[in-house]
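Line by line, the protein sequences are chains A and B.
Here my numbering is used: position 175 in the first sequence is 175, and no number is missing along the way.
Here my numbering is used: position 109 in the second sequence is 549, and no number is missing along the way.
Errors might be hidden in some of the hints.
To be verified - Derived coverage of chain A by chain B (criterion: at least 3 residues anywhere in the stretch with Cβ under 8 Å from a Cβ of chain B; other residues may be distant):
no.	stretch
1	103-117
2	161-172
3	401-414
Unchecked claim - Residues from chain A that keep clear of chain B, each with C-beta distances beyond 10 Å, as calculated:
no.	residue
4	Leu9
5	Val28
6	Ser70
7	Arg80
8	Lys156
9	Ser268
10	Met296
11	Arg341
12	Glu422
In short, the hints are calculated from the structure, not lab data.
The C-beta atom is built at its ideal place from N, Cα and C for all residues, glycine as well.
Here are the chains, one letter per residue:
2 protein chains.
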Amino acid sequence: MTSETNPALDFTHDAAAESWVASAQGSVDFPIQNLPMGVIECDRGCLVACAIGEDFLDLAAACDDGLLPSLDEESLRALRAVDLNQWMGLRRSQRRAVRAAIFELLCADGRARDLPDEVRRKIVRPLKSAGLVLPAAVGDYTDFYAGIHHATNVGKLFRPESPLLPNYKHVPVGYHGRSSSLVASGCDVQRPFGQIVTEPGGLPRHLKSRRLDFELELAVWITGGNALGTPIPVQEAGDAIAGYGLLNDWSARDIQTWEYQPLGPFLSKNFMTTVSPWVVSSDALTPFVTHPLVRMPEDPELQPYLHGGDGAPELPDIRFEVHLSTESMRAEGLPPYRISRSSTASLWWTPAQLVAHHTVGGCNLRPGDLFGSGTISGASPGTLGSLLEISDGGRSPLTLPSGETRTFLEAGDELVMTGHCERPGFRRIGFGACTGRVVG
Amino acid sequence: MTSETNPALDFTHDAAAESWVASAQGSVDFPIQNLPMGVIECDRGCLVACAIGEDFLDLAAACDDGLLPSLDEESLRALRAVDLNQWMGLRRSQRRAVRAAIFELLCADGRARDLPDEVRRKIVRPLKSAGLVLPAAVGDYTDFYAGIHHATNVGKLFRPESPLLPNYKHVPVGYHGRSSSLVASGCDVQRPFGQIVTEPGGLPRHLKSRRLDFELELAVWITGGNALGTPIPVQEAGDAIAGYGLLNDWSARDIQTWEYQPLGPFLSKNFMTTVSPWVVSSDALTPFVTHPLVRMPEDPELQPYLHGGDGAPELPDIRFEVHLSTESMRAEGLPPYRISRSSTASLWWTPAQLVAHHTVGGCNLRPGDLFGSGTISGASPGTLGSLLEISDGGRSPLTLPSGETRTFLEAGDELVMTGHCERPGFRRIGFGACTGRVVG
């Protein structure tokens with residue numbers, strides 16, 4: 001794997017550009033500067049698509065009609081596939097060429113200017129008519145613990161004096177998650193049964209979880225491609241990232257407490273993990289790259305393999321919100337209530353550092369692998385990424401506009417996570433939503 | 441998923457039966473009563489095969505020649521595939537029919553009695569000419585901790601007074617492993633680099649592991665097929681198991697010690713996991729089913745979802761051996777030295793209980809998923825399944841016939857795991873070998 005230098009801004013970031021797709025004009029999530037990739041399920045099966053406003057570009061149809069003539073055969077095959085794994089497996093320069101070709105096709109003064117209306121209607125169709133599925137067949141899903149305020153808050157519940165474990169600032173802690181139970185935004189989540197100890201020192205009982213929680217995380221989609229035994233240097237790790245999304249790492253806290261010693265979380269997490277369906281590419285986020293968390297002089301020195309130096313890709317600055325609505329709130333016509341607002345500025349490790357660490361012992365990554373960042377919480381109230389933190393371990397219920405209270409999630413509750421990037425002089429880039437409703 | 445009753449012994453278990461394949465007569469691992477399934481890589485690509493003596497049956501060729509006429513279309517498609525996932529996805533009755541049809545074809549007085557020699561030579565070829573690869577594309581790999589003596593021995597290193605954690609006898613502890621770095625027997629293993637603390641309380645350094653270990657485990661190949669949200673009852677869990685193999689969960693103990701809190705092992709395990717290439721089917725093991733470990737009156741009562749009752753599949757009685765040879769030993773012509781001998785009798789949880797537990801919260805299993813049992817150690821010296829135990833945490837080196845000593849593995853060391861079942865009145869069934877040599 002060779003590094004392909006991070007590009008300067010190019011024409012796809014031009015804030016003045018507009019699409020001929022009417023719904024894209026003024027779109028807060030999916031203007032033509034975004035062009036996130038996803039997979040639509042329709043009567044023709046699964047097909048690769050790109051979101052544009054409230055519509056999607058059917059990339060298989062665009063290929064069939066020869067509307068992406070600048071692309072090589074390998075890229076065209078990837079766009080005709082049933083998932084994004086092949087697209088993720090392209091070289092970064094190829095993915096950039098795909099992005100440029102789609103921009104040209106959708107741009108108001110671009111290639112499609114003279115296309116007949118029936119062709120336009122064939123290749124661009126309303127999102128509301130389409131079902132979005134998981135964008136890739138995930139070979140391996142890894143969940144990290146890079147949100148330092150979350151690690152501190154959770155640590156405080158167990159060790160008020162020294163919340164962070166000694167390894168935290170040295171090693172990007174992570175563990176392997178379950179691929180089979182990854183689902184796309186919109187799937188209902190069942191509270192899982194499991195072994196639960198209801199009083200200290202008591203015997204476990206087989207019960208439905210009473211402490212179902214969400215965890216707000218950044219999803220990182222991996223291009224991979226390193227051979228087993230070959231680490232990816234942190235300077236090249238940006239090329240191993242195809243793009244980003246939102247991830248809800250549903251967690252059954254009562255099952256977790258009992259099962260997790262000594263090998264980590266298992267059934268408390270693997271009943272379902274929800275991912276937003278659109279992959280916002282690294283290239284769309286170029287204007288929003290920022291500096292990671294500042295290390296203090298008393299913080300440990302970084303191992304060289306985690307120290308990017310000048311060429312290291314930095315952190316995309318993504319802002320998140322989490323809204324909750326209950327059945328009663330919806331019945332009363334109350335809008336979803338914002339329970340958290342945070343950003344990637346709370347990540348102790350950058351995505352590139354996670355890639356470098358994951359592979360430093362030789363572990364191979366494959367196109368379509370998925371990383372979760374770990375729960376993202378800020379340092380203050382209103383910025384917490386889980387109910388465990390918001391309710392202080394279940395001790396301080398959250399009061400909702402309906403007068404209801406919540407320590408953990410209850411049947412009928414719906415969680416909506418959103419994310420976006422913004423910066424003066426650039427169009428806002430959104431991630432769409434990552435939603436799930438608790439049933440049963 | 442409905443349970444298909446565990447069969448009585450049938451003609452495929454008849455100890456008097458012999459194959460017309462000469463190398464199968466007297467074979468200690470692969471007599472006609474075994475018929476393990478695997479995947480061969482040859483100049484025609486990957487193809488499904490069945491081991492018979494020192495040869496293999498090319499199942500694609502057998503299908504092409506119409507030599508398995510009793511099988512339905514779905515089963516024939518599975519045998520023409522490039523991996524065993526489709527075979528694992530068949531119903532148990534279909535897998536049994538495949539086994540019966542192969543037996544008929546290879547039996548001395550069966551269907552192939554009158555086949556011309558050139559056809560026999562086409563469908564049955566020497567194993568030594570073939571490369572064996574991982575038998576399935578593993579969607580998810582889960583590693584358990586079901587060897588109770590291992591859990592006790594490792595616990596003693598940290599907590600001499602109460603080695604087993606309070607949850608151990610209640611809940612089948614497990615964690616998700618890495619699928620991408622699973623390899624078939626025979627691959628060399630590199631000692632991984634990672635963060636290692638070399639003195640108590642010291643800072644981590646980026647070093648090559650000095651405490652590379654093996655772990656002897658039973659591999660359990662899963663048929664899966666439960667929908668997300670739908671547990672598999674323990675009484676039906678036997679049908680969710682396609683068969684068994686051997687697994688070496690290579691472990692870097694020094695990396696593990698530093699990284700594993702609080703979320704479990706990660707880079708200390710994911711650099712490589714080696715699996716034996718042959719899947720010995722549950723149906724081949726019917727004669728060797730035995731009773732699991734006896735619970736004592738003081739042991740906790742089993743949760744109903746783990747309590748099989750009368751219909752529950754029990755434990756296959758599999759005996760294991762682990763041999764070690766060093767470069768010097770091989771140079772001196774010394775044979776590999778046996779460092780461990782144990783059996784499935786040390787498993788606190790049966791494979792069916794692992795299936796029931798894995799799915800009780802709704803997690804879905806897929807055909808081709810893989811479970812590791814956890815390290816299998818007996819209760820006495822000579823029966824320990826890892827060097828961590830054999831060397832008592834590195835304090836008591838093992839002396840080899842060459843006069844060399846080992847606490848952990850060194851460059852040039854080769855590990856060979858074998859397994860077999862035996863019982864008077866039945867032919868011995870072997871698992872082949874699970875080998876790996878340490879390089880660098």
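Evaluated hints:
1. With 0 residues having a beta carbon nearer than 8 Å to a beta carbon of chain B, the stretch 103-117 of chain A misses the requirement of three or more and the stated coverage is violated.
2. For the stretch 161-172 of chain A, the stated coverage by chain B holds: 4 residues have a C-beta nearer than 8 Å to a C-beta of that chain, and at least 3 were required.
3. Requiring three or more residues with a Cβ within less than 8 Å of a Cβ of chain B, the coverage given for the stretch 401-414 of chain A is violated, as only 0 such residues are present.
4. With a minimum CB-CB distance of about 34 Å to chain B, Leu9 (chain A) clears the 10 Å threshold, and the non-interface call stands.
5. Every CB of chain B is more than 10 Å from the CB of Val28 (chain A) (nearest about 32 Å), matching its label as outside the interface.
6. Look at Ser70 (chain A): its CB is around 33 Å from the nearest CB on chain B, clear of 10 Å, so calling it non-interface holds up.
7. With a least beta-carbon separation of about 22 Å from chain B, Arg80 (chain A) lies farther than 10 Å from that chain, consistent with its non-interface assignment.
8. Remark: the non-interface label on Lys156 (chain A) is consistent with the geometry, its nearest Cβ contact in chain B lying 13 Å away (cut-off 10 Å).
9. With a cut of 10 Å on Cβ distances, Ser268 (chain A) falls inside the contact zone with chain B, its closest approach being about 8 Å.
10. The non-interface label for Met296 (chain A) is consistent with chain B: the shortest C-beta to C-beta separation is roughly 16 Å, beyond 10 Å.
11. A cut-off of 10 Å between C-beta atoms confirms that Arg341 (chain A) is not in contact with chain B; the least separation is 26 Å.
12. Every CB of chain B is more than 10 Å from the CB of Glu422 (chain A) (nearest about 33 Å), matching its label as outside the interface.
The structure does not agree with the numbered hints 1, 3 and 9 stated previously, though it agrees with the rest.
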